[in-house]
Amino acid sequence: MPTTVVNTIGTGGDYTLPQAWEDDCPANLVTADEIWRGEVLNQEFSGAGNRLTISGQTTDETRYVDLTAQAGASFADHADKLTNPLRYNSAVGAAITQSSSYATAVIITTPYTRISRLQIGATGGNQTAGLSTTDTIIDQCIVQGNDRPVRMGATGGRVF
Amino acid sequence: MAELLIRTADKPTSGSVYQDVQRLGAGDVVCIVEDGHQWSKKERENPDWQIVVLKGVPVAKLSAVLAPDPGFGDAEAMKVNRVLRRRAFKIDVAALSNVRVRDDLAAPDKAEATAISLVLPAPAVRDPAILGTDKRVIG
Chain A
1 MPTTVVNTIG TGGDYTLPQA WEDDCPANLV TADEIWRGEV LNQEFSGAGN RLTISGQTTD
61 ETRYVDLTAQ AGASFADHAD KLTNPLRYNS AVGAAITQSS SYATAVIITT PYTRISRLQI
121 GATGGNQTAG LSTTDTIIDQ CIVQGNDRPV RMGATGGRVF
Chain B
1 MAELLIRTAD KPTSGSVYQD VQRLGAGDVV CIVEDGHQWS KKERENPDWQ IVVLKGVPVA
61 KLSAVLAPDP GFGDAEAMKV NRVLRRRAFK IDVAALSNVR VRDDLAAPDK AEATAISLVL
121 PAPAVRDPAI LGTDKRVIG
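Same order as they appear, the protein sequences are chains A and B.
For the first sequence, our numbering begins at 1 and goes up steadily by one.
For the second sequence, our numbering begins at 1 and goes up steadily by one.
Don't take each hint at face value.
Said to hold, decoys possible - Example chain A residues on the side facing chain B (calculated, C-beta under 7 Å, incomplete): (1) Y15; (2) Q19; (3) D23; (4) A32; (5) E34; (6) G49; (7) S99; (8) I107.
I should point out that these hints are in silico values taken from the structure, not numbers from a laboratory.
Think of the CB as a built atom: it goes at the ideal place given N, C-alpha and C, for glycine as much as any other residue.
If we strip away everything but chain A, and leave its shape as in the complex, we get (with noise of 0.2 Å):
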């Protein structure tokens, strides 16, 4: 039974920023028989450039990467969560996101990982995306990007 190793991400968190916490993962996963979770607190992430990078890991299908929202700072979670319009809005809850042309606020390349109760935009340019994601479990998420939301491999990935 793998150990889920919970860290929190945002200022006072474990780590203050998302970047630091993927490059504290152990470097394989099934090794270290854990689930590295990353709890980011209701606060944005942004600015020029790719944002968080999660790639390299040596996963498997119960030992992976898992990032979400803390309980209570999601946009699910928000007071207003049935009246809200769906789209990308950092003052409803944790959010990450990016600027610039030809980037991409968030890049999963790791396998089995999964992201879940965040919302991931991307207001630059030319071909910026959200997220760019091969094999990853998406749920419950708003991704939004000015050219294309949502960059999947042809291996796919679940969104749910």
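Given chain A, put chain B in place with the hints provided.
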């Protein structure tokens, strides 16, 4: 004004070149933030990381150190070129232990030039499945 979080140690190898190029290694910049950032205890105390404060250097001047090889993250491009690197540039971490370099990085009038001089192109990675890189493999 910038602060860099830099890896000072390689991650363990996986045995696959294709997977290892997707991991950050020694000299790779994990992230750049505006100076005055309140790093967490885990970030400050991680033995594999070093935080470098660059007085007077705008974040935008160094954003290239976060750039991957063009096409990294694009599943189609990564099928064609399986050794696309996660970072195209590295920081010369050996130089960071030099006292004069550290002094220059802390001096607002020298920090930018010194920081830029520490940026090196990441070494090219050969694809072992391409003819010529591994004599046992043809094609």
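Cross-check of the supplied hints:
no., hint, result
1, Y15, "holds (6 Å)"
2, Q19, "holds (4 Å)"
3, D23, "holds (5 Å)"
4, A32, "violated (11 Å)"
5, E34, "violated (15 Å)"
6, G49, "holds (6 Å)"
7, S99, "violated (12 Å)"
8, I107, "holds (4 Å)"
Hint violations for this structure: numbers 4, 5 and 7, all remaining hints satisfied.
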